[in-house]
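Quick note, the sequences are listed as chains A and B, same order. Residue 276 in numbering that gives the first Met the number 0 sits at position 277 of the first sequence, and the numbers go up by one each step. Residue 208 in numbering that gives the first Met the number 0 sits at position 209 of the second sequence, and the numbers go up by one each step.
Hint data in this document are derived by calculation from the structure and do not stem from the laboratory. Because the structure is a prediction, the values reported are computed rather than measured. Warning: the hint list may mix true and false statements.
No copy labels: a pair is met if it fits in one copy or bridges any two.
As the list claims (entries may be wrong) - In silico DSS-like cross-links for lysine-lysine, where the CA-CA straight-line distance does not exceed 25 Å: (1) 120 x 103; (2) 257 x 292; (3) 120 x 92; (4) 235 x 94; (5) 51 x 92; (6) 103 x 257; (7) 179 x 118; (8) 179 x 103; (9) 235 x 179; (10) 51 x 221; (11) 103 x 235; (12) 175 x 118; (13) 292 x 7; (14) 92 x 160; (15) 94 x 258; (16) 7 x 221; (17) 94 x 7; (18) 179 x 160; (19) 103 x 7; (20) 160 x 196.
Number of protein chains: 2
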Amino acid sequence: MTLSNTIKILRTVQQVRQWRLQCLLNRETVGFVPTMGALHDGHCSLVSQSLKENDRTVVSIFVNPSQFAPHEDLDAYPRTVDSDLSMLSSQFKEKVVDAVFIPKISEMYPSGITLELSKQKGAFVTVQGCSEQLEGVTRPQFFRGVATVVTKLLNVVTPDKIYFGQKDAQQCVVIKNLVKDLLINTEVRVMPTLREKNGLAMSSRNAYLSPSTREGSAIIYKALSSGQQTYESLSKGSPPRVPSSVILNNIRGVLNEKKDFEIEYIAVSHPETLEDLEYVEPGTGAIVSTAVKVPRADGSGQARLIDNIVLV
Amino acid sequence: MTLSNTIKILRTVQQVRQWRLQCLLNRETVGFVPTMGALHDGHCSLVSQSLKENDRTVVSIFVNPSQFAPHEDLDAYPRTVDSDLSMLSSQFKEKVVDAVFIPKISEMYPSGITLELSKQKGAFVTVQGCSEQLEGVTRPQFFRGVATVVTKLLNVVTPDKIYFGQKDAQQCVVIKNLVKDLLINTEVRVMPTLREKNGLAMSSRNAYLSPSTREGSAIIYKALSSGQQTYESLSKGSPPRVPSSVILNNIRGVLNEKKDFEIEYIAVSHPETLEDLEYVEPGTGAIVSTAVKVPRADGSGQARLIDNIVLV
Chain A
0 MTLSNTIKIL RTVQQVRQWR LQCLLNRETV GFVPTMGALH DGHCSLVSQS LKENDRTVVS
60 IFVNPSQFAP HEDLDAYPRT VDSDLSMLSS QFKEKVVDAV FIPKISEMYP SGITLELSKQ
120 KGAFVTVQGC SEQLEGVTRP QFFRGVATVV TKLLNVVTPD KIYFGQKDAQ QCVVIKNLVK
180 DLLINTEVRV MPTLREKNGL AMSSRNAYLS PSTREGSAII YKALSSGQQT YESLSKGSPP
240 RVPSSVILNN IRGVLNEKKD FEIEYIAVSH PETLEDLEYV EPGTGAIVST AVKVPRADGS
300 GQARLIDNIV LV
Chain B
0 MTLSNTIKIL RTVQQVRQWR LQCLLNRETV GFVPTMGALH DGHCSLVSQS LKENDRTVVS
60 IFVNPSQFAP HEDLDAYPRT VDSDLSMLSS QFKEKVVDAV FIPKISEMYP SGITLELSKQ
120 KGAFVTVQGC SEQLEGVTRP QFFRGVATVV TKLLNVVTPD KIYFGQKDAQ QCVVIKNLVK
180 DLLINTEVRV MPTLREKNGL AMSSRNAYLS PSTREGSAII YKALSSGQQT YESLSKGSPP
240 RVPSSVILNN IRGVLNEKKD FEIEYIAVSH PETLEDLEYV EPGTGAIVST AVKVPRADGS
300 GQARLIDNIV LV
């Protein structure tokens, strides 16, 4: 494959450090977009934003084993590094991505890593209070894995700004707390969810869906939007607080139209602490999030889709 | 009090970052000695080493709450900031300490901190595999607290080298793994234990002891040294491997001479993984460590003293 010469491929921690030190000595700001590859327009919008806001932009592509449980889709997770690199070298015209960090597992986990929690050795980062609920219920090691790898990446790249998509709402809360608590000198930027034309939130896992399920999955955003409308009309009342149960029932009603979709959760949570909210009030607002299991195209069970909407 | 003008007192994370950035832009290397204050000659030897090996040296003084359990001595832990600062400004002649970081708890724990593990919120770092044994048995949250605060301090100071004393042998192993696994760009330097004339390892907690207990506590190093002699003579045999039980019995025999001392543990461990060793062989070697409870001068129970010796 041919790659624009301007993108540096960095494979080791040492290479990233050298590149980063040069930026620092040049007094250039650095934006960082961590990804697991399988890039789509959602990632590209994060990259665009980083290109706008920083002198230099580095993207990482690393499928992080420690955020997968032994029964999850680590092996099946789409790996498309070649097309990821062409996308990164062709999509951006005015300014280009400066470097892509593609480490091996041994580079990121020098003590090794097994997916079995009880057998893991070495340093891990947990963010207590916002990792246990929502996604954390069915994926109890997920945010520990995310927090650990993001801490490592931040220690290597030491960016001025790091970019995440609002689609992974809980991840954004976990990372914001991580950066605040561990006194990491990086600003966390959260960008709006990018959506397909039908409203489906862009996700690398959408690749698991047949065209018809992909179309049908539009109902997730339709349901959340319906909940938002309910909130917006009821919050004009006096007092302006809206019971979460009304919003939840509304969303559930819409999602129930799809008989082959399985709702894992729908939740109304505090936007900063992710505490369960009984009521939503303008000012504080809420994150309304859901996880829905839908049939996979290959018949091998279900894919888990998540989405959320922010009430203000 | 009067302080040498040359030591900068830094109280906020922001002040440390500004100071550190200036060092970096000047291409000056930075050595860092983290302490909980109550400085003694052991700390000073770490500072001396840092002054030798780096252009700039920064010391932190912070009694870290998260490494104390609710029943431990957080409130009683000696706090002597004024004399610590005079010591730092007067002890070093050829080169001086450049900065001392004395943060408030809220600066290091922006999400707050309670000693009750189950109620803690925010980001914490654990180092699995070397935190559970030895000191970790009776102090199950100790190394999580140490690893968390050292991660924060490293993120703020970003030193080239960080200094610890061999006296806290398990802490040194935990920190080395932490730095390796979290890909922190700092070299961990471990310096030999400094001892009183009678052999007692220097420790801020020695302040809890009466002069006679302080004298009697010399037996701890005497016992460890006796174990070392046993190892050295037996390891000249063929095969050169020495059963740990022989070393342990030897040490226990010496310690048992003091009837008012209570042995918490004596252990023979792998020097890098802290795995329990059944035999010690030259080449691999071992850390032989002990924790002993001795009477406190104020009659309020016992002080816990730890010490260790490295077999090679």
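- Hint numbers contradicted by this structure: 3, 4, 6, 9, 10, 11, 13, 15, 16, 20
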